[in-house]
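Student: These protein sequence lines map, in sequence, to chains W and L. Under my numbering, think of the first position of the first sequence as 18, with each following residue one higher. Under my numbering, think of the first position of the second sequence as 644, with each following residue one higher.
Treat the hints as calculated values from the structure; they're not laboratory data. Please read these numbers as outputs of a predicted model, since none were measured by experiment. Glycine included, each C-beta is placed from N, C-alpha and C at the ideal position. You may find that some hints are simply not true.
Unchecked claim - Derived DEER-like restraints, expressed as beta-carbon distance ranges: (1) L:667 - W:771: 26 to 34 Å; (2) L:674 - W:684: 39 to 47 Å; (3) L:709 - W:596: 38 to 46 Å.
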Amino acid sequence: MVHLLLTAHAVVGVAVLLARGRLRSRAFLVGIVPPLASVAWAVTRAGDVLDGEVVTSRAEWVAGLGLAIDVRLDGFALLMIGLVSGIGSLVFAYGRSYFGDTVRAAQVAGLLTLFAGAMLGLVLADNVMFLFVCWELTSITSYLLIGNDDRDPLARAGALQALLLTGTTGLAMLGGFVVLGEQAGTYRLSALVEHPPEGPAVATGLVLVLIGAFAKSAQYPFHSWLPGAMVAPTPISAYLHSAAMVKAGVYLIAVLAPAFADVGVWRPLVVGVGLFTMIAGGLRALRPHDLKQLLAHGTVSQLGFLVVLFGLGHDAATAAGCALLAAHGLFKAALFMTVGVVDHQAHTRDLRELPVLRGRRWGVVKGIAVVSAASMAALPPLAGFLAKEAAYDALLHGGTAERWVLAGIVAGSALTVAYSLRLAVGLLRPSLIAAPFAESDGAPPPPPPAAAFVAPAAVLAVLSVAVGVAPSLWNGVLDGAATALDSDAHVHLALWHGVSTPLVLSAATIGTGVVLFLARRPVAAVQARLAPPWSGARVYDEVVARLTRAAGAVTRFAQPGSLPVYAAVILLTAAGAPLLALTVGTWWPGWPEVVGSFSYVPVAALLVGAAVAATLMRGRFASALLLGAAGYGMALLFVIQGAPDLALTQFGIETLSILLFLLVLRRLPDSFSQRTPKIGRALRVIVASSVGVFVFLMAIAAAGARSRPPVSEEMTSRALSEAGGRNVVNVILVDFRGLDTLGEITVLVVAAIGATALARARTTRRGNDQAAAARPPEVAGEVPR
Amino acid sequence: MRRSTILDVTVGLLFDAVVVLSIYLLFAGHNEPGGGFVGGLVAGAGIGLRYVADGMRSVRAILPFRPWTVLAAGLVTAAVTTLAPMVLGRAPLEAHSWEWDPPLLGHVKLASTTIFDIGVYLVVVGLLLMLLEALGDAGEPE
Chain W
18 MVHLLLTAHA
28 VVGVAVLLAR
38 GRLRSRAFLV
48 GIVPPLASVA
58 WAVTRAGDVL
68 DGEVVTSRAE
78 WVAGLGLAID
88 VRLDGFALLM
98 IGLVSGIGSL
108 VFAYGRSYFG
118 DTVRAAQVAG
128 LLTLFAGAML
138 GLVLADNVMF
148 LFVCWELTSI
158 TSYLLIGNDD
168 RDPLARAGAL
178 QALLLTGTTG
188 LAMLGGFVVL
198 GEQAGTYRLS
208 ALVEHPPEGP
218 AVATGLVLVL
228 IGAFAKSAQY
238 PFHSWLPGAM
248 VAPTPISAYL
258 HSAAMVKAGV
268 YLIAVLAPAF
278 ADVGVWRPLV
288 VGVGLFTMIA
298 GGLRALRPHD
308 LKQLLAHGTV
318 SQLGFLVVLF
328 GLGHDAATAA
338 GCALLAAHGL
348 FKAALFMTVG
358 VVDHQAHTRD
368 LRELPVLRGR
378 RWGVVKGIAV
388 VSAASMAALP
398 PLAGFLAKEA
408 AYDALLHGGT
418 AERWVLAGIV
428 AGSALTVAYS
438 LRLAVGLLRP
448 SLIAAPFAES
458 DGAPPPPPPA
468 AAFVAPAAVL
478 AVLSVAVGVA
488 PSLWNGVLDG
498 AATALDSDAH
508 VHLALWHGVS
518 TPLVLSAATI
528 GTGVVLFLAR
538 RPVAAVQARL
548 APPWSGARVY
558 DEVVARLTRA
568 AGAVTRFAQP
578 GSLPVYAAVI
588 LLTAAGAPLL
598 ALTVGTWWPG
608 WPEVVGSFSY
618 VPVAALLVGA
628 AVAATLMRGR
638 FASALLLGAA
648 GYGMALLFVI
658 QGAPDLALTQ
668 FGIETLSILL
678 FLLVLRRLPD
688 SFSQRTPKIG
698 RALRVIVASS
708 VGVFVFLMAI
718 AAAGARSRPP
728 VSEEMTSRAL
738 SEAGGRNVVN
748 VILVDFRGLD
758 TLGEITVLVV
768 AAIGATALAR
778 ARTTRRGNDQ
788 AAAARPPEVA
798 GEVPR
Chain L
644 MRRSTILDVT
654 VGLLFDAVVV
664 LSIYLLFAGH
674 NEPGGGFVGG
684 LVAGAGIGLR
694 YVADGMRSVR
704 AILPFRPWTV
714 LAAGLVTAAV
724 TTLAPMVLGR
734 APLEAHSWEW
744 DPPLLGHVKL
754 ASTTIFDIGV
764 YLVVVGLLLM
774 LLEALGDAGE
784 PE
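Just chain W, same shape as in the assembly (with noise of 0.2 Å):
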């Protein structure tokens, strides 16, 4: 069922792209039925699931490489599943909303599809082979949904920075996944959480799976791509960024944990990256204007306390992780969604230009945004206060350096308190953070959004309330999360626990938050001050640029775009390995019998007197037909010999290399240059006797070296029998050795490609130079001389 699920997913997605001119907005009403079939599957699971049934099953991928497709559904992916695909529907639903009647938005749909796709897959993936499979689709779904606006260059740029950093430590984690599962001899998932492997490359390995899982969750350093895929449209922000992409990193670390935070280095370094994320993500976000962006670097900040709270991997922080990646999809993706509708309908999201919103429709909006942001600050009673007072709750029964890690999170949640309310006032008196511009002008105000348009924020925040007042409506499905994690942890949250030491933290929580936020000019002027004159975007720009300077600087170096020198390391490398050889072995078999037959000696004579006269002609054409008339001597040598492929092989090469080489020389002077130096013609002359020399002294070698009998003799003798052909040769080409060739029809492809696009460089240069201007200046000065 689960693989029928994926299937129709891709199948869907597909589907939607390829009728996208004719469905517009309506593709989001066929790609939700995906999602919104998962989402039943999983409705229908879900008991057996949550008292500790584990549903598996297992498709035959690649068998002649060991490689299947095991998907596992236990509590916890029950849970992602609820992120993933009910969320993932309800923006669907969103979507038809915010989109007009385009292509465009079919596309989006199409492509949305695709990544729960993929989406789901990673979350149910019990191969790691499988989840890599799907966590580099939803690498690639979303660099496509992140540039979906291809003609905006800040949209390509926020794609190919999220596919880079998303996708390079993506193949760190795969090397991370293969460390691993060779040390446990299983690359299945659940059975490298219950057996974990031990010995020092593992603690390497999951360095390198850290690597992909920070990345992907936006994680200090590698966050600098989340802030800027915001450029994507509002409902693909809202899914990608809140509910689904960005909680792939959280779930493998929280998967992983419970075996694995003991080995290595892994608590100090997920606990340090998830905490400094955490402040430094909060920090950020008290300062755009951009209601996108405050929101991002927020996201930020609640993924580095998410990685804190799972990467512990002890059972009542595990336990509390579960609350908050369930209370966070929730106000995350209702407060897209709102800021999503005033972008739609103001045009604008920029604290400074918001306009005053009044009308019941808008009454709605603000108080679905009010409510997520007040749920994002953890005030009760709603779903991000239990969760919140869950983490405090867990980490003061730690020892001493949990009680560090508890400080470091209460003065991320401060911080946290303080830009849900930036947002939050922003939206409803938007006069109080900056002096708007456009109140007093008389322009109208913006239309009030439709129903549909708010409803799917509208669920969410009822969410958000609901299961904050009434606990128990989330605690089973949050308790089979945990519990599939780590045995011993347990959910049972509950709005009161009585005056308790986290409810005091809490309290000074939004104590500070409100006096941040208070005070929140003073506090900008300060950061303003202290703020490092880098941001991770910048140290991003940084390193692409260095990159491509660098690759310019070998390029140039190994490149240098002179014929004669290409030429001249080319001949000199084909001398210079069999001199190598020859010096190596001591082995001379003598001169072998120079004349086997009388037949020969008129086909040398043509080969070596049509190879002489080609060096001594002046004209180009001459020389060219003397080497087809040394070329045609060798296959009647090969005649001769006994050897018709060969021979029928070397008649075509040589025809064809006279064709072109008469198409090349058109284009140049009729006779070869005099006016080369003394000293170029002289290493001309050493060049290619010295080649001359050496491979007729490696032939020689090579022919009397053999000491065993010639692989030639089983191949022949195996051909017929195996192979079913008589033609050995033929047989050896497309069977035996069928991989080379393979190898070198690709290589020939590549040349074709290669030697086209040198041609057509001379020709389309000037129709290209505006194309040109537009690269970089590195790029742009690699063309060849």
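On the provided structure of chain W, position chain L as indicated by the hints.
Tutor: Positioned in the frame of chain W, the structure of chain L alone reads:
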């Protein structure tokens, strides 16, 4: 450009024969001298003849596909033949042959290696078409 009627007629007659020969070589390759590579070269020589006689226009008229399509089709054919057995749980490139007796043709045997060879053939032909497109002067490449 002055055209030679004799060349035109000869090439017209020869070309089809050369293509038939190249296809013969392609399929005979499993048991007799020949194979996809040689077959492709022979077909390439035929195409070269057309180019010499009548320029790029007549080369483009041979096939309804662009050169890179032929090239890609060849590589994909070969790669699929290589990978297909792996999906079925066998070694890459593991050979398989089908035999049947269609009317008129008598006993026919098709080995999976022949399909691989068709890929090689297409790559070689595509390579030559690409090079002609790049280096030949036929006026306006689109």
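Student: Run every hint past the structure and note whether it holds.
Tutor: Here is how each hint holds up against the structure:
1. Remark: the range hint 26 to 34 Å for residue 667 of chain L to residue 771 of chain W is upheld by a beta-carbon distance near 32 Å.
2. A C-beta distance of roughly 43 Å is found between residue 674 of chain L and residue 684 of chain W, which places it inside the suggested range of 39 to 47 Å.
3. Hint check: residue 709 of chain L to residue 596 of chain W, Cβ distance near 45 Å, so the stated range 38 to 46 Å holds.
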